[in-house]
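**Student:** Residue-level listing of the chains:
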Amino acid sequence: MDFIFLVFSSFSLLADPVNFTYVILGFVIGTIFAAIPGLTATLAMALLLPLTYSLSVETALMACASIYMAGMCGGSITATTINIPGAPSSMMTALDGYPLQQQGKGALALGHAALGSMFGGALGALLLIALAPFVAELSLLVKTTGKFSLLAFALIVVVIAQRGRIPQAGLAACIGLMLATVGLDAMEPITRFTYGYSSLTAGIDLMPVIIGTFAIAEVLTQASSRTDITAAAAAASKVKIRRRDFLPAWSDIRKIGLRCYLKSSLIGYFVGTLPGAGGSMGSFLAYTETVRTSSEPETFGKGNPQGIAASESANNAVCGGAMVPMLTFGIPGDPITAIMLGVLVINGIQPGPQLMADQAGLIAPMLAALLFSAVVLIPLTLWLIGPYFIKIVSVRKDVLYAVIALLAVVGSFVSTYSTFQMFMALGMGILAFYLRRNGFPVITMLLGYILGPNLEEFLRRSLALSNGDPTTFFTNPDSLFFVALTLVFIYFLVIRKPAKTPEVAKTE
Amino acid sequence: MMLFNRQLIFLYFTLAASVGYLVTALSLGAPIAESGLTPAFFPTLIGGLAIVFCCILILQALRSGPEADPVEEGRNYTHVWVVVAIFFYIVAFQPLGYFLSSGLFVFALILLFSKFEKLLQKALISAAIVVVAFIMFQQLFGVRLPTLWG
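Quick mapping for you: the protein sequence lines, in order, are chains E and P. For the first sequence, the working numbering gives the first residue as 100, with consecutive numbering after it. For the second sequence, the working numbering gives the first residue as 5, with consecutive numbering after it.
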């Protein structure tokens with residue numbers, strides 16, 4: 100209860116002009132990046148990562164939270180108006196949003212998307228605020244062996260969730276784990292895989308890994324694909340939207356029903372808590388569930404506002420869900436929470452069970468900003484600058500990618516003031532580019548890199564405590580729970596093989 | 005040639021890197037000593053797993069037969085030039101200072117992503133980007149960027 104009060108009292112921090120400016124800026128930047136096809140809010144956060152060095156931790160985390168929330172709803176703008184989802188999580192929104200646009204009701208579709216995003220984002224944030232302290236208390240019951248099993252569970256789920264390309268995901272995870280082993284050993288004073296380079300003794304820094312994986316790889320992908328967004332820009336210039344068109348009619352909202360908003364948001368929230376699932380999976384599951392239970396399923400895909408509401412409620416609720424494992428166990432649920440974890444680590448904060456107890460004051464403002472972004476900024480920005488957002492795709496590609504490349508390379512210099520990190524970011528960018536090009540999920544590599552050190556440390560500690568007896572992982576109840584959970588997931592995702600994962604979910 | 009399509013070359017390279025990693029891991033010593041795991045254990049395990057995954061993927065690619073290479077028509081090497089530009093930018097970053105190296109870098113990238121025309125306009129845009137980024141990094145973020153004048 101204390102934590103809930105702390106979060107709500109943290110709203111006062113938004114009255115600080117500096118915090119408020121960064122939250123608003125974060126939201127606008129997140130929306131712009133999510134709305135431009137090919138760019139993502141993850142990229143926005145990766146580029147802004149160097150900023151965290153000059154900001155207070157609270158301000159940086161508040162800005163990250165607003166980017167996250169904006170990133171989930173921003174993609175719906177271009178998904179609806181020109182049928183090109185700005186973010187993978189908005190793929191399902193395009194199914195009903197674009198037909199509505201073709202019927203001349205594009206603004207109304209955006210209004211429904213904003214309402215769904217607001218509901219889902221707020222519910223996800225509230226659930227996070229309410230449940231995170233209890234999850235943190237529960238997580239205190241997880242000891243060393245259990246922690247290893249939990250991390251192994253997270254990594255295995257991330258790999259097997261990539262149905263149809265499990266070997267690719269497995270190899271990507273191994274590459275991440277290999278990168279994590281470079282440098283000084285965590286338990287003994289010996290260096291590994293430095294090959295004589297003293298710069299590698301401290302290991303590979305998180306900053307160049309994130310910047311390289313997301314920003315530089317994106318620039319290389321765009322350079323190799325030569326995707327022409329001129330058509331999108333031309334289509335965007337024809338779209339005319341007025342502010343009053345954004346407001347959905349009360350009768351429409353009643354027709355969609357509270358049940359649809361609530362169920363979709365809960366689906367999104369719980370999907371978010373699963374490592375590697377992401378917003379696209381959440382919106383897909385919520386959308387299919389809404390179609391399944393609808394009395395008129397034939398209307399979906401033809402401009403049914405219920406489809407937009409389900410998809411957007413779910414993908415924004417994912418924000419709250421994905422933060423639960425990130426804050427309580429240090430396990431990021433998706434690429435954005437992986438970068439947020441980086442912000443915490445860079446600032447010397449170690450996520451885990453003790454975080455809620457020891458440093459709740461740092462986390463509470465971030466959750467307040469997440470809720471604020473959902474409830475206030477989503478409707479406000481859509482109403483104020485919604486009609487102009489669609490013009491975002493008209494930005495010159497040459498200028499856009501030159502700016503991204505400059506910010507990425509100089510940003511990687513910031514952490515150590517050495518060009519070594521810049522080369523490292525370039526190397527990671529090339530690696531991530533080739534992984535993406537060959538169908539390897541780079542988020543799995545990133546999670547392998549992030550979880551690797553703890554995975555190894557807890558494995559060695561567990562076996563040291565049990566005198567080398569590997570049955571310790573099956574005899575300790577906390578560990579056994581996660582082993583059983585892993586087997587359940589393997590059964591449902593690999594052995595039973597339910598419905599094929601949609602392409603939309605694979606893209607994230 | 006079926007044995008050397010683009011994806012297989014990437015997998016062969018990854019396999020070679022994984023084998024190199026495993027050999028280095030084994031050179032760290034015995035993975036298990038006195039009932040405990042040594043610093044060599046985890047890398048050995050990961051290196052081994054990486055090799056297994058590589059072999060599975062190579063076998064899958066070989067069994068699935070040759071695939072039509074979608075980039076055959078109009079093959080594009082812009083990304084290679086972008087890598088070259090970033091490499092030389094990093095090399096020149098400290099000796100030439102932020103302004104000169106960044107100006108040339110941004111100008112080069114704008115040319116790579118567009119047509120070789122309106123050079124003066126693009127040079128002016130590059131200069132403006134570099135100045136705005138400098139203000140952002142140096143003044144807003146408090147980052148010390150290298151300059152020619154010290």
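Hints in this document: simulated from the structure, not taken from any laboratory. It is possible that some hints are incorrect.
[To be verified] Incomplete in silico selection of chain E near chain P, CB under 10 angstroms:
id: 1; residue: VAL156
id: 2; residue: ALA272
id: 3; residue: ALA348
id: 4; residue: ALA501
id: 5; residue: VAL508
id: 6; residue: VAL513
id: 7; residue: THR518
id: 8; residue: PHE588
id: 9; residue: TYR590
id: 10; residue: LEU592
id: 11; residue: VAL593
[To be verified] Subject to a maximum C-alpha distance of 25 angstroms in a straight line, what follows is the list of computed DSS-like cross-link-like pairs (lysine-lysine):
id: 12; chain 1: E; residue 1: LYS401; chain 2: E; residue 2: LYS204
id: 13; chain 1: E; residue 1: LYS362; chain 2: E; residue 2: LYS401
id: 14; chain 1: P; residue 1: LYS126; chain 2: E; residue 2: LYS354
id: 15; chain 1: E; residue 1: LYS204; chain 2: E; residue 2: LYS354
id: 16; chain 1: P; residue 1: LYS119; chain 2: E; residue 2: LYS496
id: 17; chain 1: E; residue 1: LYS204; chain 2: E; residue 2: LYS242
id: 18; chain 1: E; residue 1: LYS401; chain 2: P; residue 2: LYS126
[To be verified] A short list of chain P residues far from chain E (calculated; beta carbon distances all over 10 angstroms):
id: 19; residue: THR28
id: 20; residue: ALA34
id: 21; residue: GLY101
id: 22; residue: LEU124
Positions of the beta carbon are idealized from the N, C-alpha and C atoms, including for glycine.
**Student:** Quick check: which numbered hints come out false for this structure?
**Tutor:** 1, 3, 8, 9, 10, 11, 14, 17, 18, 19
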